[in-house]
Amino acid sequence: MNLINVKNLKKEFVSGDITTKVLRGISFNIEKGEFAAIMGPSGSGKSTLMHILGFLDKATSGEYKFENRDIIGLEDNELARWRNEKVGFVFQSFNLLPRLTVLENVKLPLTYATRYKNINMEEQAKKILKKVGLEHRMRYYTNQISGGEKQRVAIARALVNNPSIIFADEPTGNLDSKSGIQIMEILQKLNRDGNTIILVTHETYTSEHAKRIIKIADGKIVGDYQVKNRRIAKYGEMLK
Amino acid sequence: MFNKLKQSIASSIAVLLSNKIRSFLTMLGIIIGVSAVIIIMAVGAGAQNLILSQIESLGTNTIGIMPGKSEESGPPTSAMGIVITTLTYEDAMAIKNKSNVPNLIDAVAYTKAVATVSYKSNTYDTNLNGCTVSYLAVEGGELKDGRFLTKAEEKNLARVAILGSAVKNELFGNSTAIGKKIKIKKHLFEIIGVMKERGTVAFQDYDDQIIIPIKTMQKLIVGVNHLGLIRAKIDSEKNIERAISDIEITLRDRHNITDMSGDSDDFTVRSGAEALDMITVITDALRYFLAAMAAISLIVGGIGIMNIMLVNITERTREIGLRKAVGANNTQIMNQFLIESAILTFIGGLIGIVIGILISYIITFVANFLDYDWAFIISPISVILAIIVSTVVGLIFGLYPAIKAGQLEPIEALRYE
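Heads up: the protein sequence lines correspond to chains L and F, in order.
The opening position of the first sequence corresponds to residue 1 in our numbering, with each subsequent residue numbered one higher.
The opening position of the second sequence corresponds to residue 1001 in our numbering, with each subsequent residue numbered one higher.
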């Protein structure tokens, strides 16, 4: 089943007299259950593409269908609702709120949800924290835990609303290699459990943890292929 | 819905607590404004109460009759220094007649002047009141020594005087005054009585005066035939209106005025209650004017709130971006910041009220210590109003920053360094 259909997607930034073309006609599909990496050097437009796909930004022209619904032209409040219900984000810099506890950070998307009438937010957040192995840290503030733990909190936050897709933007970029492997292991496990994941990265090594790689350069797709020798992250084995 | 509101209030408080000093400084404008309003309202009410209770102690069941016609709400003509001679001793006697004014207890006629009195080498300037014998029955007061005037002395130009306690002390010190003779305008007066100390009541100093018989005053001292004032005491406050109209009819009859509308009257009849109303209106206006001045500081406080909220939003741009990324819409972000500024001013208002009440209480304490009969009055309306106004100030001045926060583009907010 098609989750994402993108056809001839373009994005331009206008600043004074200068128009910068960031995306110059991108077309691809993402199926439910995929684990795709969007890979390219910095400035290639991969982050802009992810922002548009994640309803954070709007394309200048082209077609974008999510679950067969047209996204282009939706107004801000509608996009906010789609972000809340359909996607989860994992950012390079974690973007956790320092004044909130781990549990409260994970709960945050639920507090903005309108579709749940009777849900125990606390229980739901705890359940997800257990999934990433951090239930023992739930009363901690985010400045009291390590970088790897922060990113696992961010993953839990991305999962808490049962999204259709998870966007991970350089999730290992700010982590040491051990924590990075742990994060990749979690993402691969989530994918095995049926979650659709799009990984954005500039590293070939990281991208090879995905099943498919979409290579972008200068705002265009320059390669789209399945990974042959896929890397499987095993944190436990590394410890031995 | 309620649950979500509770949650946003809790998280707003957490944010405000995380930066206590800034939150407090931001609130300071509101605290000062609210406490100023509370203090001014309380002190105003205390002062008003003091003035009114003094006037009331003179009796609201007294009626003043002054010469000359005056406008409904304006001061009587005679109060402006114009000498009008329409009121006479016989008028006062007619009012005293029970068949004319049945509800009357008694009425006293006055002719007043300021005079220099002397005893041996001591001289003293004081108020000289020519009175009828009914003085004590209408005005109250007690004799410390001696006796009051008699009916005979009232009319036979007797040269007798009753001293107020202050006059007695000035002229005689601690020695006895009864039987001694003082000099007023070349005439010697025998002192027959000394009044007990009574103090100043409603701007009237009862101790700094000398009372002499009215005819003596008219003929020997000022050389006139008219009265300055008649004061009548009525049996009950309920009968004031009736007594006023009885007095008016009596005087019109005596002055040959046929116009019953009151337009042709050459006198003015005023009840104590009317004077009370007039003073209440004036003091109320003063109180509210001062409170409005104090309320201006609330606006200054509001601008402080707006300033800090704008800084706050710039500092928390990334947080706003993240909240939008996980699905908050413009309204939800806006509400969050609105609640924050409203809570800030609400708490500021509460602190202001506590401080205001505390200072008002201290003022009451000091005033009572200085022997004023000062009441501690905090009107619940001023407290409720202070809370509402301070919260509304938070909402109004928080609105612009909150709208700005709500309109931030999520992706730019997330990228903000």
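Among the hints, a few may not be true.
As the list claims (entries may be wrong) - Distance condition first, Cα-Cα at most 25 angstroms in a straight line; then the derived BS3-like pairs of lysine-lysine:
| no. | chain 1 | residue 1 | chain 2 | residue 2 |
| --- | --- | --- | --- | --- |
| 1 | L | K127 | F | K1404 |
| 2 | F | K1006 | L | K126 |
| 3 | F | K1404 | L | K58 |
| 4 | L | K215 | L | K228 |
| 5 | L | K65 | L | K7 |
| 6 | F | K1004 | L | K127 |
Honestly, the hints are just simulated from the structure, not real lab data.
The hints, checked one at a time:
At most 25 angstroms may separate the alpha-carbon atoms for a hinted pair to count; K127(L) and K1404(F) exceed this at roughly 36 angstroms. A C-alpha spacing of about 21 angstroms is found between K1006(F) and K126(L), which places the hinted pair at or below 25 angstroms, so the restraint holds. The hinted pair formed by K1404(F) and K58(L) meets the criterion: a straight-line CA distance of about 20 angstroms does not exceed 25 angstroms. For the suggested pair K215(L) and K228(L), the alpha carbons sit about 15 angstroms apart, so the restraint of at most 25 angstroms is met.
A hinted pair counts as satisfied when its Cα atoms are at most 25 angstroms apart, and K65(L) with K7(L) qualifies at roughly 9 angstroms. Proximity of K1004(F) to K127(L) is assessed by CA-CA distance (about 21 angstroms); at most 25 angstroms being required, the pair is judged to hold.
Hint compliance for this structure: hint 1 alone is broken.
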